[in-house]
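There are 4 protein chains.
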Amino acid sequence: MIRFDSDYIEGAHESILERLYETNNEQLPGYGMDYHTDTARRYIRELCGADVDVHFMTGGTQANMTIIASMLRPHQGVIAPDSGHIAGHETGAIESIGHKVLELENSHGKIAAEQVKIAVEAHWNDPTHEHMPQPKMVYISQPTEAGTLYSNDELTRLRDVCTHNNLYLMIDGARIGYALASESNDVSIEDIARLCDVFYIGGTKVGALFGEAVVITNEVIKSDFRYIMKQKGGMLAKGRLLGIQFEVLFEDGLYFKISKHAIEMAKRLAQAFEEKQIEMYAPATTNQIFPILTDAQIDTLKTEYAFHVWEEVGASRKAIRLCTSWSTNHGDVDALIKDIRKL
Amino acid sequence: MIRFDSDYIEGAHESILERLYETNNEQLPGYGMDYHTDTARRYIRELCGADVDVHFMTGGTQANMTIIASMLRPHQGVIAPDSGHIAGHETGAIESIGHKVLELENSHGKIAAEQVKIAVEAHWNDPTHEHMPQPKMVYISQPTEAGTLYSNDELTRLRDVCTHNNLYLMIDGARIGYALASESNDVSIEDIARLCDVFYIGGTKVGALFGEAVVITNEVIKSDFRYIMKQKGGMLAKGRLLGIQFEVLFEDGLYFKISKHAIEMAKRLAQAFEEKQIEMYAPATTNQIFPILTDAQIDTLKTEYAFHVWEEVGASRKAIRLCTSWSTNHGDVDALIKDIRKL
Amino acid sequence: MIRFDSDYIEGAHESILERLYETNNEQLPGYGMDYHTDTARRYIRELCGADVDVHFMTGGTQANMTIIASMLRPHQGVIAPDSGHIAGHETGAIESIGHKVLELENSHGKIAAEQVKIAVEAHWNDPTHEHMPQPKMVYISQPTEAGTLYSNDELTRLRDVCTHNNLYLMIDGARIGYALASESNDVSIEDIARLCDVFYIGGTKVGALFGEAVVITNEVIKSDFRYIMKQKGGMLAKGRLLGIQFEVLFEDGLYFKISKHAIEMAKRLAQAFEEKQIEMYAPATTNQIFPILTDAQIDTLKTEYAFHVWEEVGASRKAIRLCTSWSTNHGDVDALIKDIRKL
Amino acid sequence: MIRFDSDYIEGAHESILERLYETNNEQLPGYGMDYHTDTARRYIRELCGADVDVHFMTGGTQANMTIIASMLRPHQGVIAPDSGHIAGHETGAIESIGHKVLELENSHGKIAAEQVKIAVEAHWNDPTHEHMPQPKMVYISQPTEAGTLYSNDELTRLRDVCTHNNLYLMIDGARIGYALASESNDVSIEDIARLCDVFYIGGTKVGALFGEAVVITNEVIKSDFRYIMKQKGGMLAKGRLLGIQFEVLFEDGLYFKISKHAIEMAKRLAQAFEEKQIEMYAPATTNQIFPILTDAQIDTLKTEYAFHVWEEVGASRKAIRLCTSWSTNHGDVDALIKDIRKL
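Protein chains in written order, with the working numbering: chain A, 1 to 343; chain B, 1 to 343; chain C, 1 to 343; chain D, 1 to 343.
Treat the hints loosely; a few may be bogus.
Treat identical chains as interchangeable: a pair holds within one or across any two.
In silico EDC-like pairs for lysine to aspartate or glutamate, Cα to Cα no more than 20 Å straight-line [claimed, not checked]:
| no. | residue 1 | residue 2 |
| --- | --- | --- |
| 1 | Lys302 | Glu26 |
| 2 | Lys302 | Asp126 |
| 3 | Lys260 | Asp224 |
| 4 | Lys222 | Glu130 |
| 5 | Lys222 | Asp295 |
| 6 | Lys260 | Glu304 |
| 7 | Lys276 | Glu103 |
| 8 | Lys318 | Asp126 |
| 9 | Lys302 | Glu114 |
Please keep in mind that the hints were generated in silico from the structure rather than gathered at the bench. Keep in mind it's a predicted model, so treat the numbers as computed, not measured.
For reference, chain A alone in the conformation it holds in the complex (with noise of 0.2 Å):
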């Protein structure tokens, strides 16, 4: 069996276990105050270009529930796409601490800047507004969970109705590494710095074992964080191996390279779908492809290759989703596609 269906199927990059492996025995104070967090923290800091504040985590749904935590009061509401990660993918963690996410129904995993602005007014002209949770922040994707890609202009547009509404701007970046490296892409990640209030760094899915930079932009909400990182079981006893990690992976632009590497072995299957005039659910722009099959197709590709089955599109077709990471080989692609060609 070979696996598309994700992009953790394997460990970590070698470079980040043999960095493990050297730094094993150093004495070290834990909960990330030691010196490899520290610099990981400077190589974030200056690629962002701004004096953000940065934490490393070990996985997406517990930055997602401590960064939301971090910033709402009780009766605040968080708007995301309902196909967002935290709608539907976290057992409720957002609601288990409190707050009721706000759905928007999502376009290829987007919303709109013109869909928040319309909410929120919504919220704010009814007369009984007290009586809703009051929406004050934005969460999205970028890469969306439908691999696109928000532009610097929808970005900036949303930003801009943030601003407006005095709402936050949050993004998930689990596999922002990808949306860099895609060649649709035109927002760097200084861009996203300075558009949003708070975002993440993904490694669980880009080439680390785990582990998630959450990066805090805003001034107001920086205090405290490392309280509700422990309250709610985010700190790692050995922080350390958050800190060398991302150390490895930014100190000489490893992160971008294997990103790189993952878009590349996407876009060869892309394109032997393409060949075969096989159609696309989305635009295939990140490390996710989303090729519509006939079940005939997918029963022949199963047999071999691992992969989501992602949607129905009309009757006995559907769009399935296969993930490139930083750690697929040409020869497993070289077999897909192969099959492909036969299909």
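Starting from the known structure of chain A, arrange chains B, C and D on it as the hints suggest.
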């Protein structure tokens, strides 16, 4: 600086890093559904001699809050020693999920069955008991925060009080290896599995990079634990990392071997203090020792060694805490012993 | 200004105030342990024809959150129509206690058994169901927010789906008097007690100053409800006030008599609209009617009458909501009818 | 049975019932938006001599949890005497909204500024303070659970400690009328409004059917309180009921007059005990008195009177609590005095 301030100052046992390296390119499903994790579960089940459920989480606070969330209804509280980790060192994690920690006065980190009995009977005898959190579980640690051990007899009596009062018994085993390896210990892991409803086997402080193996022995509370793990941010995407580590720790008894080493290192230090006729704050039975030093002695040692100042003992004397671990080497211990002799 | 905007615009039925006056100097224990409350409990038990537990609370949001808190584990969610009170009009009260409201599209305020079946089966058929809140109860209202009624057949089918899928069924009966008094109704209060696990009988909107009688019919969820009432701030110190009010409402059928009056008043208004051939947005079966008016007609009426604009229906036409209640008098209805005729 | 066991054993002052009767048919908007509530707000604002926000809630637990929810971030805790109502008599309501109650040892119900200072400094001086709940507010009661009073000087010192340590000061005034009416009192309501950030004026125990007037004096924490009231189930549909009651209590000083009556009744009882040379457990300054009786004396009195046994005082002697209130009549007091003389 030589560090004796905690048992998580270094990375992981070399065998773990090697195995992570060897398995790095295996393509495996996420979230603990891989075969390594299954193997680790089996090892622990065999060790406990019972049909327990085993779940792997990254840290202790996370394990504590997830276990307690899965077991209590909203109005129920958890009895714990006032020195317990959940009482004082998790930034209110248990309160953050809605439950009051009902603190009992500790005696060198321990609470007695009789104390629990008195507290629970006081609750039920109070005519206004509906106006107070209902005690529903007892949380203790083996070894305790003070490095002491519950005897088999003490644990059995706690179990009996719990059974008679319809309480769950939970054991935090973040350092359980060091309890099991102690010469003073008469409680086996089978005893623990038999006597409590849930406990965990700590990896973070005993040779792993990170990880706690939660063991649920009570059939009633087994259901849906994975939902709550996910909700509380405690389900690692690459669950294999936890499975592989516990596989290594338990396939050939490594866990016990390295725990024993830590105990031997602690013993060497304890003997050095004894030779100097320096008193201990609590009996030195596990990997933590608590010599009582003068302020001058503390000042001398702290130029070269990292350790915690634990508690004032009379005027200008304080108990300090020195931790050994799986990673403590003879060289560091030799150096410290030499300096103890010079005190 | 004559108010038809809600069914809680006046105080209480005169008999209630009189009884409060008469009993004012009785010295009674607090927290619902007095004999009036016991009598009220007995009346309701007799009415339901079953050995139910009865608890009195001051308001609907409070009742909803307390009931749901007492029934769900942390990872479980509650299915509700998207028009349900808990979905949109309680400032996220259910999320504030940790649970996601799993919204289904309403049809004039109602959801169908088949919708619930599809949602629940979708959950369990999803291989990643542990990453989503687990549906564990269904919340509906009788009558609904749109004034419509579930038939006995519809309720029975919902009950069957719940039973087959191990879900609780909860009925919000804030206006249940107006359902029971409706000519279109074929569901008795015994039916309700038999078909659901928990429901409540609203007093606030049906003649009382305030108060909802929570009725728990399922043995499994009866335990410790009073603890949770107290914790959620819903245990009234002078519980007698609730007991006395429900005693008056149910000792001689006052509740049913005044509910019937409200229905008659609504019917008179509905007929007046019918005579003018003004269409209804939803069938007028209870104390709420929803005529569709032009913007000009709305402007005319709102100079003299208070009511809610409910929803746009095409261009420059809107459904409005007019509420009658136990307190609506013939004079106010006559005045409005006269003005309807002039439209 | 004559009841001296609490100050909420009867209904309400007659004037309140009369006013409810007179205003019963007024058609008014809900949720505290009516003119009676506005008038009551104005009275309280004038009383406080400051531009405070005033909100009316039905009970103390509800008020406490709503106030604290509105003021704290998730990782923050509230300092309280261990005898405080939130510490021991609200079934963990504060923990249920996520916050730890940081208990300090009480001295006859009170805590001193110095205790707060020590606790807060201990927090900030601990290098691991991020692993503990951050103290952010101080909760006290005036009068305390033990019927004692803070002096102006004591309150001023608490305020100073709070100001210097960036803590909020909250005063639970469930029985504040009895504090203001006490001869031992030197703290006016203007003092309270000036010294704390938020407090409430209790109605439930001082003449109303129910109701607490929450007074927010600190500008920073005024925003959005009504959202949180609604979310926590504390916004009464017929808010008029609260407005009308506080209107009656404060339009002509009724609140102060009936409070004074309770104090006089308590004083008569205290004198009777004094004449018998029966010692008091705490000074009898408000409406609660705590004579220390032998078990035999207690047995005698309890055949005719309801009261609480408060605490053991040596062998076979106990302090009991007798409560007077706005509703205590001379006849009942005469009867008890007669029986005290016979002891």
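Same-copy or cross-copy closeness of Lys302 to Glu114 [CA-CA at most 20 Å]:
neither (40 Å within a copy, 32 Å between copies)
With identical chains, the pair Lys222 and Glu130 could be close in the same copy or across copies; at 20 Å between alpha carbons, which is it: within, between, both, or neither?
Classified as between: cross-chain Cα gap 14 Å, same-chain 28 Å, threshold 20 Å.
Lys260 and Asp224: within-copy, between-copy, both or neither at 20 Å Cα:
Close neither inside one copy (36 Å) nor across copies (39 Å); limit 20 Å.
Between the shortest in-copy and the shortest cross-copy C-alpha distance, which are at most 20 Å for Lys276 and Glu103: within, between, both, or neither?
neither (37 Å within a copy, 41 Å between copies)
Using 20 Å as the alpha carbon limit, work out where Lys302 and Asp126 are close: within a copy, between copies, both or neither.
Classified as between; 18 Å across copies, 51 Å inside a copy.
For Lys318 and Asp126, with the copy left unspecified, which applies at a CA distance of at most 20 Å: within, between, both, or neither?
between (41 Å within a copy, 16 Å between copies)
Using 20 Å as the alpha carbon limit, work out where Lys260 and Glu304 are close: within a copy, between copies, both or neither.
neither (26 Å within a copy, 47 Å between copies)
When Cα atoms must be at most 20 Å apart, do Lys302 and Glu26 count as within-copy, between-copy, both, or neither?
For Lys302 and Glu26, only the inter-copy Cα distance (19 Å) is at most 20 Å; the intra-copy one is 46 Å.
Is the C-alpha distance from Lys222 to Asp295 at most 20 Å within one copy, between copies, in both cases, or in neither?
Intra 50 Å, inter 38 Å, cutoff 20 Å: neither.
The earlier numbered hints that this structure contradicts are 3, 5, 6, 7, 9.
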